[in-house]
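Novice: Spelled out from the first residue to the last, the chains are:
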Amino acid sequence: MSVSLDIRLKRANKVYHEGERVSGVLLVNSRDALQHQGVSLSLEGLVNLQLSSKSVGVFEAFYNSVKPIQLVSSNMEVVKPGKIPAGRTEIPFEFPLQAKGNKVLYETYHGVFVNIQYTLRCDMRRPLLAKDLSKTCEFMVHCQPQKSKLQPNPVEFSITPETLQNVRERSSLPRFLIRGHLDATSCAVTQPLTGELVLESSEVAIKSIELQLVRVETCGCAEGYARDATEIQNIQIAEGDVCRGLSIPIYMVFPRLFTCPTLETTNFKVEFEVNIVIILQDDHLITENFPLKLVRV
Amino acid sequence: MVPLFPALCCSGLCINMTVHIIFLYMFYVLHRHSRARKYEAEVQMCRLEVSAVDFSDYHPLKAITVTDSKARRGGRKGSTSSSSSSSSSVVLDPLSSMLDGSDPLSLFAAVSQTPALPHSISLGRKRREKEEEVGSDFEPWSSKRGEILSRFTTTEKLSINLFMGSDKSKASSPSSAVSEKVRTRLEELDDLEEGSQRELLNLSQQDYVNRIEELNQSLKEAWGSDQKVKALKIVIQCSKLLSDTSVIQFYPSKFVLITDILDTFGGLVYDRIWSMCADPHPLPESFSADDVNDTAKETCLNWFFKIASIRELVPRLYVEAALLKCNRFLTKSGIQETLQRLTAMIRGIGDPLVAVYARAYLCRVGMEVAPHLKDSLNKNFFDLLATFRQIHGESVQNQLAQQRVEIPIYLTLYSPAIHWILQCVAYRAPEVLLTEMMDRCKKLGNNALLLNSVMWAFRAEFVAMRATDFIGMIKDCDEAGFPKHLLFASLGRSLSCADPPESERLSILNDAWKVITKVRSPRDYINCAEIWVEFTCRHFTKREVNTILADIIKHMTPDRAFEDAYPQLQSVIKKILPHFHDFSVLFSMEKFLPFLDMFQKDSVRVEVCKSIMEVFIKHQQEATRDPVILNALLHICKTMHDSVNALTLDDEKRSLSLLINGFIRMVSFGRDFEQQLSFCVEARATFCNLEPVIIHLIHTVNQLAMETRCVMKGNHSRKTAAFVRACAAYSFITIPSLTSIFNRLNLYLLSGEVALANQCLSQADAFLKAAVSLLPEVPRTISIEGKQRSSEPFLLDFINNFLSTLLVVPDHPEQGVLYLVRGLLNMVQDYTWEDNSDAKIRVYISALPLLAAMSQESYLYTIPKVDSNETLYGGDPKFIAEINKLCETLIGQVLDHLKGLGRDEGVRRQGSLAFSLFGCLLAHGDLRNNKLNQLAVNLWNLSHKHGFCDTRTSVRTLEYIKHQAQLADLSHLSDMTARLSLQSRT
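Quick mapping for you: the protein sequence lines, in order, are chains W and S.
Under UniProt numbering, the first residue of the first sequence carries the number 1, and numbering increases by one thereafter.
Under UniProt numbering, the first residue of the second sequence carries the number 1, and numbering increases by one thereafter.
Pulled out of the complex, with its shape left as it was, chain W reads as follows:
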């Protein structure tokens, strides 16, 4: 293809905040001079909500999907119809990032039922016989740091057969004692989740200990609301029969895009939880759940 169209943002990490200007260049690379009928650029921020088929019926999920919420939208003509010379052409642009009406710019978030996405789209219309060119480019929006200071409030836990809920035959459970703490359950998104875990004793060998990061998405709609928990990632922190009495670090980096500060709006909610999952050699699964509050500082 002799023509290529590209959007280059000025910031390498593509992260912008409300009120800032999204600036960059359009890059047109063409071997010959290029006839076109105008180049336009649009910026759009959308919240896509999808109802899960579990909470509402399959048909409702299909038909009743909630209308996307537009957070920001603007459009402009960058170049008037005309000719672009052969070679490399850079066209600078700049957009103010301002929410539409009284909307708030939520942070970029890629989830299952909730998606918050910001895109730049560039279209070049071309005369007959030539395909129109277009290019989209996603950029990230981070909300302003929250004012409230993070209070490190360590959470101690200890897991024994007695502390477990929904066990069928408590008597058949092997004896074990796991102690530990999370340094905080209210965490900054940019900082890892940390803590420690000590396997004090266990009758049965340990197979694996994992940290499961879970998102809890709630979508409200006319019929009520749907709440779903799905796994984001699962990080193994111990493998095999670990040494007793030795503290094992709990450490997990929150993945970008898939996590954002805990979000609660009138239409939807995004919350996060972490599960400490202990798998015994006999495939018993022991889970301890901790709700997290993520913030940006």
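None of these hints come from the bench; they were simulated from the model.
Some hints could be false.
Said to hold, decoys possible - Only part of the chain S face toward chain W is listed, based on derived beta-carbon distances under 7 Å:
| # | residue |
| --- | --- |
| 1 | THR295 |
| 2 | ALA308 |
| 3 | GLU312 |
| 4 | ASP351 |
| 5 | SER395 |
Said to hold, decoys possible - Lysine-lysine pairs mimicking DSS-like chemistry, simulated, CA-CA at most 27 Å apart:
| # | chain 1 | residue 1 | chain 2 | residue 2 |
| --- | --- | --- | --- | --- |
| 6 | W | LYS10 | S | LYS379 |
| 7 | S | LYS379 | W | LYS207 |
| 8 | W | LYS135 | S | LYS554 |
Even for Gly, the Cβ is constructed at its ideal location relative to N, Cα and C.
Fit chain S to the known structure of chain W by using the hints.
Specialist: Structure of chain S alone, referenced to chain W:
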């Protein structure tokens, strides 16, 4: 063919030459052809003016500016090679002592070593700092690699299980809306691109190694073709293999192979990010995170986010460790924090073997990237101690039972990793820390494994100081666990580098040997004993070494156990040799030769003999006649010699000969020449297959004869005369056994000269005659270094040499006048020279000076006590006439040849031959004789006729003649110069 010269009836030399060679010559009978020479006066004239040269400050090779070279040398930190001046015992090499360090070649080398970069100052400093942290005394990983790979092998079947791309189980879940067909199609694509899941079972070890190497290649390819994600996947899959401990004996080697891939990957990522920052100008060596641009930082962050989301612990750990260096791009303290975090993370690995190797890798990367961060190294070690009890845990026992691996073997699998960790920890660590570490190890039960590594990795001096303690600890160790002989081997290894306190040495040896001698398996025994030999040799006398040799022989002889232990036995010899330079002591050890007898495989035995001989040649200062040494060495040399067969390579023969010659050179019976000769006789019988040795023996015997002459100051008594004749006889019967014809010729000539010098006239005659009669056998081509070369130049050299000897050889009373000269010239005439070659004529021309010299009243040189022809004939006119006749014949032959050349292409050769004959006449002929004068002039003209002569030579010759003409008795030359015309330079 009719012999030409004795007959001398060459009346058929009719003159029928071309226009230019009319009146060439007539026969003169009355005058000599050759001019009379006054050699003394000529020598005086030719001598250069003597100028005093003070050797202390002048040498042509020496640099002109001599500015305190000593000081400069100190500044360059020993980059020069000349260390000779420091050790006084070494013989001073006049060349190097003259140059005194400022040898121009090493100066260049020194210059090129210093970095000539613009920003070299900071860079140089940085490098120096680094060197301070990890010096050459830190044994690098690369040297351990090979050892581990060769040590930990298996015959069991291995398997590789690779999941490329997304997990199958997830992909096949029916939730997705894509139609079945599309999905399989997509999977196929996936397969093609990434190989998807592959499980390779039943691989032999070699297959496994090859597979891993393939993965390494595909990693590089993927990276090269910009498929970064695929590269990462390969690396993750590979490091996943490290959490698999099936076929546990192979685990250390697996670790080595896979960490190679990780290293490659780490390097690729680092270089990539580095190159991203190199845009305006490359980053300095000591850059900080602030110098890195945003794009590079973002890329780097991306890598770390990707790695942080790797599900499994072991791959995440290894890949992050591999990228440790990249933390430099982000923050200053990143490396340190990451190291600490990763160290803690390893606690999550349950399998102690996997954990310890992960620690080893972390230490390795840590030492490479940030050697100053000792904390995490120590932390690793202490964590290791904390989890040490895991090794004896239940799950390990189950696993071992399943794989049928015994505990001692299992424990040795830990050694490389623990060695490495301890080596990193102990590197330049303060004494206090080492002591603390040792105490901690002591406190742990069943610590033989740790003890072993401590001895291996800690400074040898440290271990040596506490050798007695260590022996105590080793004795306390559990018998069932780590094999004790390995512990003693490690201790011995330290003791061979550093010395324990003197008072403890004997008890250490006794204690250690008590245990070693009880080791049952010959293999384990010899591995351990070999190490202790070094310690014994260093500190004890031949008695103790002898005892140890006896013990080794006792252990290794049953069931021919030595057959499997040649390398170790060889190393024993290599360790003993440097400590016993006095070979009489060495061979007086009763068990040394029996020990040598254990080497029964030919190649090994020869190898050992060679190493012994090398040491002997290197260290034996004086010649010896000690019968013990001679017998032993003769035996050793015979062994080497007997290994030569038809298949032996030339190089091998050469090196063996060199060693044997070295031995022969060191044998001297002082004034007992007869015994020396009989030794040579014996040696000839023993070493008959090695030509260079035979040649050397002939030279030795010749030298013997000359030494005898020296001792007798030239006057042989009846006894010594008989002896030198015996020497001559030795040479005479030995030379024919040589195959190389030129060696034979030269030795005949040399031996003839020696015989002549010792007044053995008939022997000398025999030698020379033999040489002459050998001449026709000289082949036209000989092979030199595997290439066929013409033998002509060698033959000419030899003949010239021979001719000059003939001057002093007196004629045999019963043979004709000059019969040797005639004989030689006949041979030359009959020899089948190459076609189109002037060699024969050149010989004729060079025989002329000899004849001229022979006709002098007193000869240029003579041999004391031997009457040459000058005295025999006393300038008899008949004798002179004979010489003249001979000359005429020769000149006639040359002129005939010249005539033949004039016809065809040979004009160039004609010119040069004519010129050399002219030169010969000029130097040796009496040019007052008109005919000869005319001949010379004609020759000059002939040589210039076709314009092929070198004008510069002609000009200089002419100048020389003019110069000569100024001398009183050569004034006739001035007329001649007028007739010699130079060629016009058109």
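Novice: Would you mind marking each hint as holding or not holding in the structure?
Specialist: Status of each hint after checking the structure:
no.: 1; hint: THR295; in the structure: 4 Å, holds
no.: 2; hint: ALA308; in the structure: 4 Å, holds
no.: 3; hint: GLU312; in the structure: 5 Å, holds
no.: 4; hint: ASP351; in the structure: 5 Å, holds
no.: 5; hint: SER395; in the structure: 4 Å, holds
no.: 6; hint: W/LYS10 <-> S/LYS379; in the structure: 44 Å, violated
no.: 7; hint: S/LYS379 <-> W/LYS207; in the structure: 25 Å, holds
no.: 8; hint: W/LYS135 <-> S/LYS554; in the structure: 85 Å, violated
Violated hints for the displayed structure, listed by number in ascending order: 6, 8.
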